[in-house]
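**Student:** Chains as they are written, first to last, in this note's numbering: chain A, 234 to 412; chain B, 37 to 164.
Honestly, the hints are just simulated from the structure, not real lab data. The beta-carbon is built from N, C-alpha and C at its ideal position, and this holds for glycine as well. Hints are not guaranteed to be accurate.
Claimed, not checked - Straight-line C-alpha distance at most 20 angstroms; calculated DMTMM-like pairs for lysine to aspartate or glutamate:
id : chain 1 : residue 1 : chain 2 : residue 2
1  : B       : K88       : A       : D328
2  : B       : K93       : A       : D333
3  : A       : K308      : B       : D73
4  : B       : K152      : B       : E126
5  : B       : K115      : B       : E102
6  : B       : K152      : B       : E137
7  : B       : K135      : B       : D153
8  : A       : K308      : B       : D59
9  : B       : K161      : B       : E98
10 : A       : K308      : B       : E53
11 : B       : K93       : B       : D103
12 : A       : K308      : B       : E75
13 : B       : K152      : B       : E53
14 : B       : K161      : B       : E95
15 : B       : K88       : A       : D345
16 : B       : K46       : B       : D60
17 : A       : K308      : B       : D49
18 : B       : K123      : B       : D91
19 : B       : K46       : B       : D91
20 : B       : K152      : B       : D132
21 : A       : K310      : A       : D333
22 : A       : K305      : B       : E75
23 : A       : K308      : B       : E87
24 : A       : K310      : B       : E53
25 : A       : K305      : B       : E53
26 : B       : K93       : A       : D328
27 : A       : K310      : A       : E350
28 : A       : K305      : B       : D49
29 : A       : K305      : B       : D73
30 : B       : K123      : B       : E102
31 : A       : K308      : B       : D58
32 : A       : K305      : B       : E87
33 : B       : K88       : B       : D49
Said to hold, decoys possible - Selected chain A positions facing chain B (in silico; Cβ < 10 angstroms):
id : residue
34 : G304
35 : K308
36 : L352
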Amino acid sequence: MRWFWIDRYTEFVSGSHAVAVKGVTLAEDHLHDHMAGYPIMPNSLVVEGMAQAGGLLVSERYDFGELVVLGKLAKAKFHSCVRNGETLTYRVRVDTIRSDGAAVSGTAHVGDRLHAEALLFFARLGDANEALQGQRLFHPRHLRHWLSLVGIFEVGVHQDGTPMKEKDYPLTECAADPA
Amino acid sequence: MASEDEIFEKVRDALVEALGVDDDEVTPEATLQGDLDAESIDFLDIVFRLEKSFDIKIERGELFPEDILTNVEYVEDGKVNDTGIAKLRERMPFADLSKFEAEPVVQNLGQQLTVKDMCNFVAYKLAA
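Looking at chain A on its own, in the form it has when it is part of the complex (with noise of 0.2 angstroms):
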């Protein structure tokens, strides 16, 4: 199973707020025991998606240079359920971001439909937290296909609507990584 659990940004700006997009397919193995002949997206599911939505928005403030992860989930609210066939709209807006990380809220539609509802905290681990564990934890490569995938080069823009570019951000491999 690959852990994308966003499809595409379909807008994204800067410091502020962005829209992705996921749907929710028969393909995706474990809607199948999800329930078991009655199709649910888990969501648990859905908090990662906003989450992802969320973190990267949080991430391209630090030049998406640094690890940053979901830290605690406050306030989630399921309103339905979420089937095979339907597409869920993420809706993150950022609440505040400090050096240390940040809080995000975020929503989760279906069409009109108001699904979910969550305040999510990142927290932006650093440097530091390579010297203590040792070893990398991601790849600037590895981020760099998945920020390509969900196209936030195609409809990212900063906060006086000029678009983001690519070369802008670091996501170069340091000498050590391995091939």
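Got chain A; can you put chain B on it based on the hints?
**Tutor:** This is chain B only, laid out in the frame that chain A set:
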């Protein structure tokens, strides 16, 4: 300038929201980590709520000086040395460090931080 009671009420509300505890669990003597089960990520949540509630800016390490507690200059064998304690006193004039100073094991500082310390911190920020 908010009164002590007003500060306590807003701090209590922030802790109830962030930690999911009941109103009556949040007493001035309650320790955040010990009694209220706050974890490190909860401090981020608490700081956000305090900033919003009191319209103040709380810099990283201002409420909880992790940079001192992880600095080899101030910590020896898991305990904060005299230089470190002096630094802590300087950085945390709002906190009652007497209990910590008696046994300055690094992990103890977080565990001993009380709701009263947090209220004092807010008052200190509002007065600045």
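**Student:** Hints first: check each against the structure and report whether it holds.
**Tutor:** Hints and how they fare:
{"no.": "1", "hint": "K88(B) x D328(A)", "result": "10 angstroms, holds"}
{"no.": "2", "hint": "K93(B) x D333(A)", "result": "13 angstroms, holds"}
{"no.": "3", "hint": "K308(A) x D73(B)", "result": "18 angstroms, holds"}
{"no.": "4", "hint": "K152(B) x E126(B)", "result": "18 angstroms, holds"}
{"no.": "5", "hint": "K115(B) x E102(B)", "result": "13 angstroms, holds"}
{"no.": "6", "hint": "K152(B) x E137(B)", "result": "18 angstroms, holds"}
{"no.": "7", "hint": "K135(B) x D153(B)", "result": "13 angstroms, holds"}
{"no.": "8", "hint": "K308(A) x D59(B)", "result": "18 angstroms, holds"}
{"no.": "9", "hint": "K161(B) x E98(B)", "result": "10 angstroms, holds"}
{"no.": "10", "hint": "K308(A) x E53(B)", "result": "9 angstroms, holds"}
{"no.": "11", "hint": "K93(B) x D103(B)", "result": "18 angstroms, holds"}
{"no.": "12", "hint": "K308(A) x E75(B)", "result": "17 angstroms, holds"}
{"no.": "13", "hint": "K152(B) x E53(B)", "result": "17 angstroms, holds"}
{"no.": "14", "hint": "K161(B) x E95(B)", "result": "11 angstroms, holds"}
{"no.": "15", "hint": "K88(B) x D345(A)", "result": "31 angstroms, violated"}
{"no.": "16", "hint": "K46(B) x D60(B)", "result": "14 angstroms, holds"}
{"no.": "17", "hint": "K308(A) x D49(B)", "result": "15 angstroms, holds"}
{"no.": "18", "hint": "K123(B) x D91(B)", "result": "27 angstroms, violated"}
{"no.": "19", "hint": "K46(B) x D91(B)", "result": "12 angstroms, holds"}
{"no.": "20", "hint": "K152(B) x D132(B)", "result": "9 angstroms, holds"}
{"no.": "21", "hint": "K310(A) x D333(A)", "result": "26 angstroms, violated"}
{"no.": "22", "hint": "K305(A) x E75(B)", "result": "10 angstroms, holds"}
{"no.": "23", "hint": "K308(A) x E87(B)", "result": "19 angstroms, holds"}
{"no.": "24", "hint": "K310(A) x E53(B)", "result": "15 angstroms, holds"}
{"no.": "25", "hint": "K305(A) x E53(B)", "result": "13 angstroms, holds"}
{"no.": "26", "hint": "K93(B) x D328(A)", "result": "14 angstroms, holds"}
{"no.": "27", "hint": "K310(A) x E350(A)", "result": "5 angstroms, holds"}
{"no.": "28", "hint": "K305(A) x D49(B)", "result": "18 angstroms, holds"}
{"no.": "29", "hint": "K305(A) x D73(B)", "result": "14 angstroms, holds"}
{"no.": "30", "hint": "K123(B) x E102(B)", "result": "12 angstroms, holds"}
{"no.": "31", "hint": "K308(A) x D58(B)", "result": "16 angstroms, holds"}
{"no.": "32", "hint": "K305(A) x E87(B)", "result": "18 angstroms, holds"}
{"no.": "33", "hint": "K88(B) x D49(B)", "result": "12 angstroms, holds"}
{"no.": "34", "hint": "G304", "result": "4 angstroms, holds"}
{"no.": "35", "hint": "K308", "result": "9 angstroms, holds"}
{"no.": "36", "hint": "L352", "result": "9 angstroms, holds"}
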